[in-house]
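Undergrad: Protein chains in written order, with this note's numbering: chain A, 1 to 101; chain B, 1 to 361; chain C, 1 to 264; chain D, 1 to 194.
No lab work stands behind these hints, which were simulated from the structure alone. Here the structure is a predicted model, which is why all the values come from computation and not from measurement. Hints are supplied without guarantee of correctness; some may be wrong.
Simulated pairs of lysine to aspartate or glutamate, DMTMM-like, Cα-Cα distance not exceeding 25 Å [as the list claims (entries may be wrong)]:
1) K21/C / E54/A
2) K145/C / E32/A
3) K145/C / E231/C
4) K65/A / E231/C
5) K21/C / E32/A
6) K21/C / D228/B
7) K162/D / E178/D
8) K162/D / E42/B
9) K6/A / E213/B
10) K33/A / E225/C
11) K21/C / E42/B
12) K6/A / E225/C
13) K232/C / E32/A
14) K232/C / D37/A
15) K112/D / E351/B
16) K6/A / E231/C
17) K65/A / E225/C
18) K66/A / E225/C
Not close to chain A: a few residues of chain C, all C-beta gaps over 12 Å, as computed [stated by the list, open to error]:
19) Q6
20) M9
21) K33
22) P88
23) E89
24) S114
25) R115
26) L141
27) E147
28) N222
29) A224
30) G261
Cβ atoms here follow ideal geometry from the backbone N, Cα and C, with glycine treated the same way.
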Amino acid sequence: MSVAFKPITTENGKGIFHLFPALCKGCGLCIEKCPVDTIGWARQLGAFGTPVVEPGHGKPCIACKKCQLVCPDAAIWIERRNGQGRTDALTAAPQAPGNEK
Amino acid sequence: MATKPITGEQRAFMTGNEVVAWAALAAGADIMYGYPITPQNEIMHYWTRMAPKYERAFLQTEDEISAGFTTVGGVLAGKRAFTATAGPGNVLMQEAMAMAEMMRLPTVVVVTQRGGPSTATVIYSQQELNLTCFGGNGEGLRIVYSPASHDELFTYVIKAFNSAWKYRFPTFVLGDGYQSKMREPVTLFDPEERGINMEVCRPMVGLPGLPGEERDPAHLRNTYNLEDELYQVLTDSIREYEAMASEVAEWDAWSADEAEVLVIAHGVVSRAARAAVEALRQGGVQAGYFRSITLRPFPVDALRPLASRARHLLVVESAYGQLQRLVQASLYGLETPVSGYLRPGMGITPEEVARAVHSLI
Amino acid sequence: MAIAAQPQMPRVWRAESKPHKFCPGCGHGIVLKALGEAVDALGIQERTIFGCDIGCSLLSWDFFNLDTIQTHHGRTTPVLVGIKRARPELVVVSYMGDGGAYAIGAQHLVSSASRNDLVTIIVVNNTVYAMTGGQMAPTTLPGQKTETTPYGRDVELTGRPMLGPELVAAIAPPGAYVARGSVANVVQLKNYIQKGLENQIQGRGIAFIEALSSCPTNWRTNAAETWRFLEKEMSAYFPVGELRTPEEKPAARLREVPAHGPKP
Amino acid sequence: MALNLKIALAGEGGQGVQSVAEILTEAAYHAGYQPLYIPNFGVEQRGGVSVAFVQISEAPVSAPKFTTGDIVVALSHRAVERARQYVGPETLLVFDASLADDVRRVYGEGQKSLAVPALAIAKEGLHPRVFNVIILGVLVGVTGFLERRDVEQALERQFGHKFAQDPSLKELNYRALERGYLLGSERLEVGNRI
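Model the full assembly from the supplied sequences, consistent with the hints where possible.
TA: Encoded structure:
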């Protein structure tokens, strides 16, 4: 990727919550989808000068990735703290053969 | 690749619609998109009969809007694509042609003018000049050829593909119902054998290489956010249009210098005008003849000096002043009076033109 | 030093044009994520042409590292059909809103469906004309307030919401793929889109996927209301699921087609 | 003066005036002339008076339509009226003999004309379907610029596939052409101007 985005990284529960303020427009869709209500508004401002989101507002993160899934702007990346690799396809789709260039 | 459709010079006696189909074949057109409308239909009929023999394609669309936009798709894909239409179909076609004008897409459209406005007649007129030259919500950055004979129909359909792909402005061949339906002798030829090299058609999308990595993706749009952005794009297009105008503009003149009456016409009407002027000259009348072969760009530089040395100008057309307005705009500032013999939707004979000239002197 | 974490965008997304031009909470970003994932999974970036319509969908004109054409309102499908007929090896995606698909471009949709054109059409249904400021769309729900139905959509006066996938499923020949997904279920939506792309690649027929989507700006909803309207009200009227798969035997209404014609 | 012939043919849809024009101009083209033929056409596929405009010249023809014909052919009641606009004082009006009353009513007594009993000949000695070929023969006879061979070749190009199916048809057409030619050549006058 020729463009780099700076993350705010927060460890919470089972997850490592990477939030990219330059992408987050503060829509709050993720807050509503979080099954453990851990996501809430942060002090930091995002792409449109509105607050971004952060974990730590409810029960601990269970790393279910729903927030990542519904974010229209790819502003959230959830890593599992149990040490799985950093790159995980968003929707866990199997790679089609011959995909690699 | 299949064999060439035409080898050597071939003399034939056929209708104009047949000539257009042969010309498109000879020009190496890859695909035609079309929707039925009289008097254009037989272009599709001949094309669909001949195209498969030369590995060319055809798609009949659901309307002229789609015919225009699929043609746009064909040229984006890098193919020598064309369509043909008339009258109300030409009205619908303008939407896609406005996009072609904005995005500088080398579409080729053959228009077989019929009576207007509305459904009117399926027969003939010269009433689609305004629409073809200036249709759409833009500035008329188009190339419009107005052929007068089957030989020219053949030549200018081939040329239309080349001008379109060379200059990247939507290009039209403005025929009419008479030319579509009449039979007259024509010489068909292979362009290459006449030393005409067909412009190479390059795709604008679907290029080789992984976009974003090995090359930039083609992001082609016709929407702009700011008036400044649009102004810049249009200014560039207008500059290029004006730069190519003198290369592209074509006209024909006969005994036009110091004419007492200079008769100005285009398309099939110019044949009557020329015949009338020849007869008038034989009868001792100082008549002259000027014909605009390109309506866009209009041959202003050729017409102005001739018009300035003429006593009267007589515009003859099967429309109510569409050519006359182009002429008057081109000659702004000259004092030579301009009259019109204007017969919207009606054919014009040499006798009528001669009478109209006599009425001026 | 470790490389800092980076957003998990689909590979075909163009990072240079992010953040994208859609409003906060707009479903377009989610649909385009599903499309991006599907293109990545199939490895077809190099031969995919993306066409976008007028309406908010036009804001995706520089969204992908894909050759992209932004067309006119309702005309994206004809442009891409034109490309496909000229260059069958390309994979063409026609992306538009409900207005472009079901109102101004309806004749193109119907005709492409009956021709079984090899094109993958993705329609974003958010029940409003969003870019023009929230007027009634073909998909506006009964009673829904919009700028041109300020007292709620009166179906007696304005008709019932258009059921696009049902329409296409009813008329498309065998080989067609038709589904309706939702941005509320991204995995399913991505699978539908991927199947739709495969359908085109395999030359089976048209692929048509409607995505139920959100427009918080014109709905004037907060996040909670956005999800509620999408998942409860819209999903109740527009059922999510596959309507036609290429393996499926055509409905009884779709007759076999022997060659017909008057004897010459 | 060089040949510059203008012929308008008018008839009912089924009478075959367009075929006559097509064959005549085909023959002229292959004989080295520069013909121009344009049918009138409208939104109706059937039902109107069908008019064919033919010009045959040694130089390229100017306008596709003309004001006044050298020869005008009228083959039905309606056609007699419809063709009036193309008839001038010098025009030779060719009509089917059965239309004599109509012609007198519309054109008076003074019109230069040629009554051809084509319908009668076709019905009695030949076949109604070759009515138009008799008219073709008359035009070839009256104008005198074409060889019989040119016309027969053009007939062959037009109807060759039908002749192949039914050889008697060829003989029938050739006889119709001959009958018309004899009638027309007695009045060879337009061609005299060549």
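Undergrad: Take the hints in turn and mark each one as holding or not.
TA: To see whether the hints hold, each was checked on the structure:
no. : hint            : result
1   : K21/C / E54/A   : 23 Å, holds
2   : K145/C / E32/A  : 24 Å, holds
3   : K145/C / E231/C : 18 Å, holds
4   : K65/A / E231/C  : 19 Å, holds
5   : K21/C / E32/A   : 23 Å, holds
6   : K21/C / D228/B  : 19 Å, holds
7   : K162/D / E178/D : 19 Å, holds
8   : K162/D / E42/B  : 24 Å, holds
9   : K6/A / E213/B   : 22 Å, holds
10  : K33/A / E225/C  : 12 Å, holds
11  : K21/C / E42/B   : 47 Å, violated
12  : K6/A / E225/C   : 31 Å, violated
13  : K232/C / E32/A  : 15 Å, holds
14  : K232/C / D37/A  : 21 Å, holds
15  : K112/D / E351/B : 22 Å, holds
16  : K6/A / E231/C   : 33 Å, violated
17  : K65/A / E225/C  : 21 Å, holds
18  : K66/A / E225/C  : 18 Å, holds
19  : Q6              : 6 Å, violated
20  : M9              : 5 Å, violated
21  : K33             : 7 Å, violated
22  : P88             : 20 Å, holds
23  : E89             : 16 Å, holds
24  : S114            : 31 Å, holds
25  : R115            : 28 Å, holds
26  : L141            : 21 Å, holds
27  : E147            : 22 Å, holds
28  : N222            : 7 Å, violated
29  : A224            : 5 Å, violated
30  : G261            : 43 Å, holds
Taken one by one, the earlier hints fail for this structure at numbers 11, 12, 16, 19, 20, 21, 28, 29, listed in ascending order.
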